[in-house]
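Number of protein chains: 6
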Amino acid sequence: MQHIIQQLAEIGQLKNICHEQGNSVPMPSVETLSEVVRLARSLLFPGYFGEAAINEQTLLYHIGIHVERLQGLLAQQIKSGLCFDDTLPCDANLERTAQDKATAFIGQLPDLRRLLQTDVEAAYYGDPAAKSYGEVIFCYPAIRAISNYRIAHALLRLEVPLIPRIITEMAHSETGIDIHPGATIGHHFTIDHGTGVVIGETAVIGHHVKLYQGVTLGAKSFPLDEAGNPIKGIDRHPKIGNHVIIYANSTILGNIHVGDGAVIGGNIWVDKDVPAGATLRQNALRAEAKGKE
Amino acid sequence: MQHIIQQLAEIGQLKNICHEQGNSVPMPSVETLSEVVRLARSLLFPGYFGEAAINEQTLLYHIGIHVERLQGLLAQQIKSGLCFDDTLPCDANLERTAQDKATAFIGQLPDLRRLLQTDVEAAYYGDPAAKSYGEVIFCYPAIRAISNYRIAHALLRLEVPLIPRIITEMAHSETGIDIHPGATIGHHFTIDHGTGVVIGETAVIGHHVKLYQGVTLGAKSFPLDEAGNPIKGIDRHPKIGNHVIIYANSTILGNIHVGDGAVIGGNIWVDKDVPAGATLRQNALRAEAKGKE
Amino acid sequence: MQHIIQQLAEIGQLKNICHEQGNSVPMPSVETLSEVVRLARSLLFPGYFGEAAINEQTLLYHIGIHVERLQGLLAQQIKSGLCFDDTLPCDANLERTAQDKATAFIGQLPDLRRLLQTDVEAAYYGDPAAKSYGEVIFCYPAIRAISNYRIAHALLRLEVPLIPRIITEMAHSETGIDIHPGATIGHHFTIDHGTGVVIGETAVIGHHVKLYQGVTLGAKSFPLDEAGNPIKGIDRHPKIGNHVIIYANSTILGNIHVGDGAVIGGNIWVDKDVPAGATLRQNALRAEAKGKE
Amino acid sequence: MQHIIQQLAEIGQLKNICHEQGNSVPMPSVETLSEVVRLARSLLFPGYFGEAAINEQTLLYHIGIHVERLQGLLAQQIKSGLCFDDTLPCDANLERTAQDKATAFIGQLPDLRRLLQTDVEAAYYGDPAAKSYGEVIFCYPAIRAISNYRIAHALLRLEVPLIPRIITEMAHSETGIDIHPGATIGHHFTIDHGTGVVIGETAVIGHHVKLYQGVTLGAKSFPLDEAGNPIKGIDRHPKIGNHVIIYANSTILGNIHVGDGAVIGGNIWVDKDVPAGATLRQNALRAEAKGKE
Amino acid sequence: MQHIIQQLAEIGQLKNICHEQGNSVPMPSVETLSEVVRLARSLLFPGYFGEAAINEQTLLYHIGIHVERLQGLLAQQIKSGLCFDDTLPCDANLERTAQDKATAFIGQLPDLRRLLQTDVEAAYYGDPAAKSYGEVIFCYPAIRAISNYRIAHALLRLEVPLIPRIITEMAHSETGIDIHPGATIGHHFTIDHGTGVVIGETAVIGHHVKLYQGVTLGAKSFPLDEAGNPIKGIDRHPKIGNHVIIYANSTILGNIHVGDGAVIGGNIWVDKDVPAGATLRQNALRAEAKGKE
Amino acid sequence: MQHIIQQLAEIGQLKNICHEQGNSVPMPSVETLSEVVRLARSLLFPGYFGEAAINEQTLLYHIGIHVERLQGLLAQQIKSGLCFDDTLPCDANLERTAQDKATAFIGQLPDLRRLLQTDVEAAYYGDPAAKSYGEVIFCYPAIRAISNYRIAHALLRLEVPLIPRIITEMAHSETGIDIHPGATIGHHFTIDHGTGVVIGETAVIGHHVKLYQGVTLGAKSFPLDEAGNPIKGIDRHPKIGNHVIIYANSTILGNIHVGDGAVIGGNIWVDKDVPAGATLRQNALRAEAKGKE
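Residue numbers (the working numbering), protein chains in the order written: chain A, 128 to 420; chain B, 128 to 420; chain C, 128 to 420; chain D, 128 to 420; chain E, 128 to 420; chain F, 128 to 420.
Keep in mind the hints are simulated off the structure, nothing from the lab. All clues given are correct.
The list treats identical chains as one, so a pair stands whether inside a single copy or across any two.
Pairs of lysine-lysine, BS3-like flavour, derived with a Cα cap of 27 Å:
1. K347 / K366
2. K399 / K359
3. K366 / K258
4. K258 / K142
5. K399 / K366
6. K347 / K399
7. K359 / K347
8. K258 / K359
9. K359 / K142
Please read all numbers here as calculations on a predicted model, not as lab measurements.
Given the sequences, and given the hints that come with them, work out the whole structure.
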């Protein structure tokens, strides 16, 4: 056993797979970020995700305490995120920078709430099985995935590294919905069921768009640089207009445009522009006499 | 920060997104419902999901204790569910109603067990990779998703609000299989792999049916009322006969009939009736000379 | 209630669904196996998954402690796995056998690390959104699913029962990627996004292969024996060559060959051999004037 | 083993030692009461015992939340206490009664705080080793024991059964100071070190009294009724005036009076009245030539 | 830091203070032994110390489960205790020996319960402040300390090493009452308040004895062997008759006899035999004009 | 309720009893300090208090990891201690100062271990009931109390505020032994049983001293300054020579000298110097004819 321990600890073997955080700051923590998301959700949807029932008299106290705790935990995680990336200087202003970004994020919570209100509305009106707004907020995976995305997107725009991606991956694991924090998504957005949905980094989605489970808004190919490495940051994902519906398991690839009001049927592969108002469907099926498949 | 706290606590901003439970009863708890499901599973499949090994001598004690705890925790969660919906009266009989529904549910456990025995059988016979019944019960996500569905369906028929949906969403998150508690499903039902499966609220599935991963039994469209709201409760999902197989990633939409013994190939979109005994396949592929995709 | 308890405890009712572990050894524990996987990952990727930041001075101590704990917990779980299968003799050498298998597994960690280094490389080069190796290792679900698969595959080859399947199902639940521990997968393997991917027990995948979300490498049909039971262990899954790409939501079924360098487009169903270098695409779409879908 | 289980479960054997709570209400919980005490202490001494640092801006929120949680948990425990005593009717008003008593208790917190401020002052001025008020509040066992006593005494006067005794026994276990909740104690009370101090149910202590470790204010004897049972509620403990000091390990027994300003030396047994201003000491020692003790 | 680590790990420095458990068995665990004691108490006093309320219908299940868990945890701890002492052979029968001793202990629980019933009675009749049997069982530290002692004494007589001492030290820490597991104590034993009570290894106490807080039954001196080491196992503690009362803070030392019915006042030092029926008191006090103490 | 909340949050009411930590640093944490003490004990007595069994091969790794964690947690708590005292500047060097003090403490661990080895020896030789060194280290409250004292004393000499007092109070609560961190105590020190022992801030104890339970080394009186406040830091506690024994429940008060080799019997009050070699005993008892006490 001693031999294996020595071998596993050999520095030469550890290229690219061993990590030393800057400044002795701890790694970002998925547990703490879960609490961050829970606190943010308790502020966005009061009474649903906190530890205690609320009422009008206690609402202010709950929000006061939760804002305070969110500020503390988020600043700590932002700091960990800043020290994860060794190309950033981990300097004396680190603590201050992290505090400032956390404060800026909290300042956006009222706007995030207004946006999420429209998503809840879209989910409620878009699903005959939805019994109430409450059921949508408390149970629907789409609301959880979209909340995490909108939180992560706001953090990304504040130039917080790594943390946004962890937050969307948490929703990905929980709901099967994978939205990159870099995507741009309008109001009244909803996803039905959701498992298998993928929305790429440079995708842009308009207002009042509805996706079903298994829909991909992905990249079709990407250019390599002279060294054979993929060029980062190229715009390579679909641009979806307003009032578009895309049915289950369809795959929309590349930097193409899907016009306003288009409807894309299920199980199809689309890699060309779709005009406004168009409807796409899978080709006719071949029915056979029954035999063993 | 004080300014943001005030803003977030402003009652006027909270329409539809702030929740006050009736009667100061706490919110339903996902943690407690996980324990409820674990207890139910330990009663349905003794020896697999409890904290301790069992044997013939101790079986009775374990079942006695687990029934008692299940009764207590389930009644508490049913009560929370009843107080979630503010259209229900949260009156003095609440405690009693919740206790009665929990007792009625426990009375159905022997029947649920008989039904799940057939599902385990179907999974075992349907998968050459299955080594034993034990492996199927302990490891297969389909058994977990179908157990949660059958528990939730029983609770829904006892007119328990909200809790059934939470229980199926727990399985959805854990397995990627999304079965609405309102669906009706026969015996010897199985799902292979399962990620991405969606079964809608008004779907009806016969006996001996097998689905593969990514299969959707969904709604194609739904009528709106005069105010533009979706009409709740319309029958809008497929009716699947007995001995039907549906291969991976196919999407079956609308209130159509798939006849007994039909086989539906993978990756296809079906929105018309399928006669008994038919076999459907995707159309021929287009092979190209290779180039960059 | 007493009546239901009696009924649930009736031995006659419990055929195939009640489990008694051999030798009074406890059941395998998903919690402990999560810790086993966490420890293995902390050894494979030092500094990412342990409780504490590491540096060159403390690396040896962390690896020493983690190897020791991994040995203890893994041996305990292997023992539980051996006693789960009642066809294996649960004899006096059980403890020793479990210890030996755990030790043998730890001896393979340096090789597993070299293999996973190539997978990390493939993910990094294959995704323009990847900011750094660190982000890939810490956040990408594919790395988590492939790590679990490679750990489980090594245990399966050491003839450890049940535990490998639990470990891949843990990744399945977390990532939506379902890789059977029996599959054989070459180096530089990567999966993008991943939700809904299924790789079957007898699949063989070459080097430098990339899969997108929703891809199935499954069985199309399987022979039954005279009693109508599926014959276990038949070779029934695809064989994929080197440098192959398969796009989102395609379903590759049966013991067919996909030649080196082939590219398979999204949303298609393939059940015939694909020659080396070929490109397959879905047939042309049918565009319609917009109407209600 | 079955035999022993039967024997232990035999009802006939369980006289006086088996407890069935009224109304299926759970037993009082020492864990929850610890949290109750922690919350009360966080309200009495803000900033010392809560989970988070406070400042002027957040003080109100913390107090609001803590009052709310204290109300909830205390009412629940009072209810459990009321159902512990089977001579009390466990009727429909139980919930209401418990809520009312909890509310009444919270209404006394400002007064309790003023009283405890004097005890902190007495401890600070009475100990040259005390570095600051903060150290006294955060570290001194006397403050913890006296806080628990004052909380328990207030609850006892609200006719809450059992809970007061549990709260003082929690302090007894933590500090070795055993103050019966029925005792009456004036302001500016302090105890130095404290281990072994006992203050009986009917003891009365004036203002500005200081006790050292091991001091007992106990009962010397008590009358029995005709059946040989001790008569409950007889006044049987010392009455201590103002500005009295009692040194370590002295035992003051019976319903005697110790006058204002008396000083009682250490290690003595007192069972007669002590006049105001008197000083009592142990008799002269006998010094011996050294030998083995 | 590396230097200090090396120094602390130097084997030469570790004589007598470094421990290696035999057979790689873990150390005894205070947490597990707390659970053992809690389980034993839940069997001795049903309804007081379990997690759930009990009633006649569920009593059998609770006792069945608790006996099973007690057997498992106690055997595990006995095994750890047997491997702590390196003079005992840690051989192949270890597991069996531990199981047998645990079983033998459980077989004594009915007798232990009968004995503890008398102690509860003695506490109830001996304290006018006791409101009910329930309060005595649930709140009185004496009952907790005597329960732990009686459990530990039974284990010691079964030749279980170390564990009995840990169990009485747990009570010592919780209650301040230190009873050596080797002491012999009759029925109807009670201790009032109890902090500071010490009862030595070879003390023998009759029936119906009552001690107050701070009473010591200790050793006065002990002979050394030729090497200057104390001779282990010498009979060196008091023998107390029946119906004896000893008041607070008295110290009874050496292998002396205190006759039946004797009463020993508080704060005195006794190292000579006390005849039956005698009453001992502290000498007269010296009262002084008040001055500064 | 709102009224009470306002009242409790009124700043004017909070003089001396409300605490605001400097620099937004959290309060010292008793839980973390328990872990600090556990880590220190695992380094001082390897194999007794860690989570895992150790052996020669793994000893170095355990010590390496525990030193690292101790350094981190102790520095964090020292920082909290430094910010507790608002007379200290909470400046930019705070982090550095805390790290330095933690490092200096760890550098003293080898010396602390040598000292504690002598205390273990003294306990083993001084108690015929002690079965082994292992039992003394693992079970004896004296070793726990003396360890905490020696740790706290070392921290106090490094000018760490507050933390030392918390650490000795933790032992006080656990064992009933109250040693002020400021006391000076020689090698081969032991305390038998220990409940109720008090050792004051300016006490000095020589080598090879043994105390029994309930012994106080306290202050008799202390001068006040002109404002009536006790003068802090006055030398007011006993000075005990080498090879002194003090029996149970005796009270030694004031800045007096007890000479080498003196023996002080139990239950006596001593406030004058005791010459070397002297033996003190309580005066003769008064025996009475028995009557009701």
